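Engineer: Could you put together the complete structure from these sequences and hints?
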Amino acid sequence: MSGKSNVKFFYVGIAIALLLAILAPFLASSDPDGLESAAGGIVEESKISQIEATEPVVSSPMPDYSIEGLGKGGEVAAIAVGTLAVLAISLGLGKVFSKKI
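The sequence shown begins at 0 in numbering that gives the first Met the number 0 and counts up by one.
I should point out that these hints are in silico values taken from the structure, not numbers from a laboratory. All values derive from a computational prediction rather than experimental measurement. From the three backbone atoms N, C-alpha and C, an ideal C-beta is built for every residue, glycine too. Where hints are given, some of them may not hold.
[Said to hold, decoys possible] What follows is a list of derived Cβ distance ranges for each label pair:
{"id": "1", "residue 1": "LEU34", "residue 2": "GLY91", "range": "38 to 46 Å"}
{"id": "2", "residue 1": "ILE13", "residue 2": "SER59", "range": "18 to 26 Å"}
{"id": "3", "residue 1": "GLY70", "residue 2": "LEU18", "range": "27 to 35 Å"}
{"id": "4", "residue 1": "ALA16", "residue 2": "GLY40", "range": "28 to 36 Å"}
[What the hints assert, rightly or not] Dumping the calculated DSS-like pairs for lysine-lysine here, alpha-carbon to alpha-carbon at most 25 Å:
{"id": "5", "residue 1": "LYS3", "residue 2": "LYS71"}
{"id": "6", "residue 1": "LYS71", "residue 2": "LYS7"}
{"id": "7", "residue 1": "LYS3", "residue 2": "LYS98"}
{"id": "8", "residue 1": "LYS94", "residue 2": "LYS7"}
Structural biologist: Below, the structure written as structure tokens:
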């Protein structure tokens, strides 16, 4: 691939990732995921409630993939910010580790 083609591919990838971030809150199921349903079959419900009530060691900046008080818009914003943060971290690490020695 040429340099222009790589840049175009990169921007298309970012656009697709952000489109998925925007659509995800509207397409996601409210049913428990596989891990939660598997835990429900193995661990007693009272134990799961006790674990969920426990405060985390480190709090999340956007718990449950949302920004409180903004509804679906907060979910979209949280996922988009997370997507862009992972992209920025990946690009930064790629630059650091791609330097030739």
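Engineer: Compare the structure with the hints numbered earlier in the document and write down the numbers of the violated ones, lowest to highest.
Structural biologist: 1, 3, 5 and 6
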